[in-house]
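A.B. asks: Make the full structure from the sequences, and use the hints.
Just so you know, we're using my numbering here: the sequence shown kicks off at 219 and counts up by one.
In case anyone wonders, no lab produced these hints; they're calculated from the structure.
Hints may be right or wrong, so weigh each one.
Stated by the list, open to error - Computed spacing ranges between beta-carbons, pair by pair:
{"id": "1", "residue 1": "Glu798", "residue 2": "Glu906", "range": "52 to 60 Å"}
{"id": "2", "residue 1": "Lys450", "residue 2": "Lys543", "range": "49 to 57 Å"}
{"id": "3", "residue 1": "Asp834", "residue 2": "Arg583", "range": "45 to 53 Å"}
{"id": "4", "residue 1": "Asp504", "residue 2": "Glu406", "range": "52 to 60 Å"}
{"id": "5", "residue 1": "Val741", "residue 2": "Pro879", "range": "56 to 64 Å"}
{"id": "6", "residue 1": "Lys432", "residue 2": "Ser850", "range": "55 to 63 Å"}
{"id": "7", "residue 1": "Glu420", "residue 2": "Val605", "range": "34 to 42 Å"}
Glycine included, every Cβ here is placed at the ideal spot set by N, Cα and C.
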Amino acid sequence: MADYLVIVESPAKAKTIERYLGKKYKVKASLGHVRDLPKSQMGVDVENEFEPKYITIRGKGPVLKELKTAAKKAKKVYLAADPDREGEAIAWHLAHSLDIDDKSECRVVFNEITKEAIKDSFKQPRTINSNLVDAQQARRILDRLVGYNISPILWKKVKKGLSAGRVQSVAVKIIVDRENEIKSFTPEEYWTIEGDFLKDKETFEGAFYGIDGKKKELKTEDDVKEIQQRMKGEEFSIEKVNKRERRRNPSMPFTTSSLQQEAARKLNFRAKKTMMIAQQLYEGIDLGGKQGTTGLITYMRTDSTRLSNSAKEDAKQYVENNYGKEFLGKGKATKKQEGAQDAHEAIRPTGADRDPKAMKSVLSRDQYRLYKLVWDRFIASQMAPAVLDTMTVHMLNEGVEFRATGSEVKFKGFMKVYVEGNDDNKKEKDKLLPHMEEGMTVKAEEIKPNQHFTQPPPRYTEARLVKTLEELGIGRPSTYAPTLDTIQRRGYVALDNKRFVPTELGEIVLDQLKEYFPEIIDVDFTKGMEDDLDSIEEGEQNWASIIGEFYKDFEPRLTKAEKEMEEIEIKDEPAGIDCEKCGHEMVYKMGRYGKFLACSNFPDCRNTKPILKKIDVTCPKCEEGEVVERKSKKNRKFYGCERYPDCDFISWDKPISRPCPKCESMLVEKKQKKGTQITCTNCDYKEEAQA
Numbered sequence: 219m220a221d222y223l224v225i226v227e228s229p230a231k232a233k234t235i236e237r238y239l240g241k242k243y244k245v246k247a248s249l250g251h252v253r254d255l256p257k258s259q260m261g262v263d264v265e266n267e268f269e270p271k272y273i274t275i276r277g278k279g280p281v282l283k284e285l286k287t288a289a290k291k292a293k294k295v296y297l298a299a300d301p302d303r304e305g306e307a308i309a310w311h312l313a314h315s316l317d318i319d320d321k322s323e324c325r326v327v328f329n330e331i332t333k334e335a336i337k338d339s340f341k342q343p344r345t346i347n348s349n350l351v352d353a354q355q356a357r358r359i360l361d362r363l364v365g366y367n368i369s370p371i372l373w374k375k376v377k378k379g380l381s382a383g384r385v386q387s388v389a390v391k392i393i394v395d396r397e398n399e400i401k402s403f404t405p406e407e408y409w410t411i412e413g414d415f416l417k418d419k420e421t422f423e424g425a426f427y428g429i430d431g432k433k434k435e436l437k438t439e440d441d442v443k444e445i446q447q448r449m450k451g452e453e454f455s456i457e458k459v460n461k462r463e464r465r466r467n468p469s470m471p472f473t474t475s476s477l478q479q480e481a482a483r484k485l486n487f488r489a490k491k492t493m494m495i496a497q498q499l500y501e502g503i504d505l506g507g508k509q510g511t512t513g514l515i516t517y518m519r520t521d522s523t524r525l526s527n528s529a530k531e532d533a534k535q536y537v538e539n540n541y542g543k544e545f546l547g548k549g550k551a552t553k554k555q556e557g558a559q560d561a562h563e564a565i566r567p568t569g570a571d572r573d574p575k576a577m578k579s580v581l582s583r584d585q586y587r588l589y590k591l592v593w594d595r596f597i598a599s600q601m602a603p604a605v606l607d608t609m610t611v612h613m614l615n616e617g618v619e620f621r622a623t624g625s626e627v628k629f630k631g632f633m634k635v636y637v638e639g640n641d642d643n644k645k646e647k648d649k650l651l652p653h654m655e656e657g658m659t660v661k662a663e664e665i666k667p668n669q670h671f672t673q674p675p676p677r678y679t680e681a682r683l684v685k686t687l688e689e690l691g692i693g694r695p696s697t698y699a700p701t702l703d704t705i706q707r708r709g710y711v712a713l714d715n716k717r718f719v720p721t722e723l724g725e726i727v728l729d730q731l732k733e734y735f736p737e738i739i740d741v742d743f744t745k746g747m748e749d750d751l752d753s754i755e756e757g758e759q760n761w762a763s764i765i766g767e768f769y770k771d772f773e774p775r776l777t778k779a780e781k782e783m784e785e786i787e788i789k790d791e792p793a794g795i796d797c798e799k800c801g802h803e804m805v806y807k808m809g810r811y812g813k814f815l816a817c818s819n820f821p822d823c824r825n826t827k828p829i830l831k832k833i834d835v836t837c838p839k840c841e842e843g844e845v846v847e848r849k850s851k852k853n854r855k856f857y858g859c860e861r862y863p864d865c866d867f868i869s870w871d872k873p874i875s876r877p878c879p880k881c882e883s884m885l886v887e888k889k890q891k892k893g894t895q896i897t898c899t900n901c902d903y904k905e906e907a908q909a
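C.D. replies: In structure tokens:
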């Protein structure tokens with residue numbers, strides 16, 4: 219029998235850690251929490267300083283029994299749940315369930331699952347941090363008081379199945395506020411003037427800047443005509459040439475938030491998927507041979523960009539060996555962001571020598587892509603800045619000034635490995651300008667005025683919303699992905715072209731919260747509550763006092779809402795077609811995955827149908843039905859015959875109405891990195907799609 223028992227959360231971790239520790243250690247998994255507040259009731263005694271009532275989670279009895287048996291046989295039990303607030307709370311619950319003294323040195327934490335990190339952590343066990351436990355407990359109780367008090371009112375007054383939470387309500391408010399901005403936006407006209415210029419047979423682009431040395435905005439076509447009338451001839455004299463060297467620094471290593479944002483931009487991953495794959499990379503991948511299962515990245519829930527000295531040295535050694543000394547960076551000091559807990563290092567690979575190419579054969583496609591993102595960013599963060607030569611040319615014609623800008627990478631530095639993406643998916647291009655000096659002349663080949671209209675602010679993508687929540691201090695690394703998932707599952711928002719759109723239900727619920735519980739959707743209040751939770755973690759405030767202060771104002775609002783909130787009937791929108799089963803009218807209803815068609819004679823008739831969007835293409839298989847746009851269970855768009863299941867034609871690529879000119883087979887639109895291409899499903903025919 220093993221001398222020591224180690225309890226972790228995940229079975230995947232258990233196997234790896236047991237192998238590292240040796241025969242004297244037995245490692246078992248708790249499979250997450252073993253105790254929690256009951257689902258069937260509030261579980262918080264508001265009359266007794268908000269004392270929580272914890273029970274064994276349903277289904278965890280056998281797990282707990284197995285852990286108790288193993289604990290009795292062991293000389294010592296170590297609790298090795300994840301190194302964050304929730305992990306600390308899990309360790310505390312386990313200590314209480316297994317009769318372990320939480321003041322004993324029973325707690326072990328590690329930021330990465332590698333042999334060295336695991337062995338080092340067991341050399342310095344500590345007591346359970348009661349401040350971390352209190353901070354997590356306060357969050358849990360606070361969310362329970364909000365959810366279990368407001369949700370029943372919403373069920374009664376609006377619709378069954380609704381919920382209200384602190385962070386999710388603010389997230390919905392942010393999305394609704396943006397939608398209102400878009401609706402109330404009034405486009406304003408403005409113009410630009412672009413020019414194609416020629417210098418010694420080399421062409422380059424320039425743009426209108428201003429008149430007589432002052433910048434001028436072009437608001438109307440008359441403004442443009444005034445500029446055109448003032449210019450004479452095609453020649454422009456070069457008044458000034460500014461050349462300078464610009465240095466561009468690498469991005470810091472990933473935090474949870476920045477990883478979710480960059481994975482959305484570059485890999486098209488949802489936040490939930492990013493965290494799921496990151497968890498797999500953290501818990502360990504079987505590398506084969508003597509290495510066995512090894513964690514490839516450090517803990518993935520962090521708001522810190524800090525790196526250990528050993529990690530920095532590891533990266534620098536790799537850079538020097540593979541790129542040369544000139545690519546070594548000086549190691550930019552990290553600054554703790556306001557509101558950051560800074561409990562762990564940034565997300566990084568556990569070894570710089572495990573480069574993505576070497577790992578590709580043991581990783582799935584998605585694991586490889588996310589690992590490469592983490593590895594690239596980490597290595598690049600320790601590399602030298604990129605050096606760019608920039609050039610701005612000021613060109614004049616009768617006092618009308620055009621400017622041309624260009625740049626060239628002089629030294630790639632960190633850009634040899636990685637360049638951060640941006641939310642607009644715009645790729646930076648180097649534009650080289652021909653050699654020009656003051657006093658020279660250039661010829662304008664074409665001057666092109668263009669009319670534009672200002673655009674409303676864009677709807678939020680997942681990446682933009684996570685970034686906004688972080689900037690506002692709402693939520694913490696572990697809450698971003700669950701929050702985005704919850705507001706979609708509740709039907710408060712939907713994704714349209716990968717951007718959040720509020721539903722009618724979301725707007726109705728928000729209006730009720732705004733009237734009766736304004737603090738729940740107030741950004742400053744929610745940020746202040748996060749700061750209070752942080753102060754509990756630091757041991758500066760008592761958790762029960764903070765909850766009491768909140769509940770003092772919250773309780774009378776509950777009473778008022780219960781009495782005064784009016785019942786709202788969300789009327790189903792008629793679909794204009796009849797149910798083929800009973801003849802009653804079909805209506806549009808809102809479900810988990812968006813709108814769908816249902817019979818108005820429910821519950822007597824339970825006929826439901828997806829909303830089908832026709833694309834004006836006849837099914838190439840049965841030649842009877844039309845091809846319609848559908849959604850998979852994972853919300854991925856595909857195309858199929860409207861006569862399904864009688865006809866099982868499907869295509870992930872969008873079919874088009876005309877046949878292939880070469881073989882008469884079906885043509886489809888395929889999305890490429892550089893645009894859309896039309897290809898044949900049978901032969902090698904290809905053509906570029908018209909914009």
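A.B. asks: Need the list of violated hint numbers for this structure, in ascending order.
C.D. replies: 1, 3 and 7
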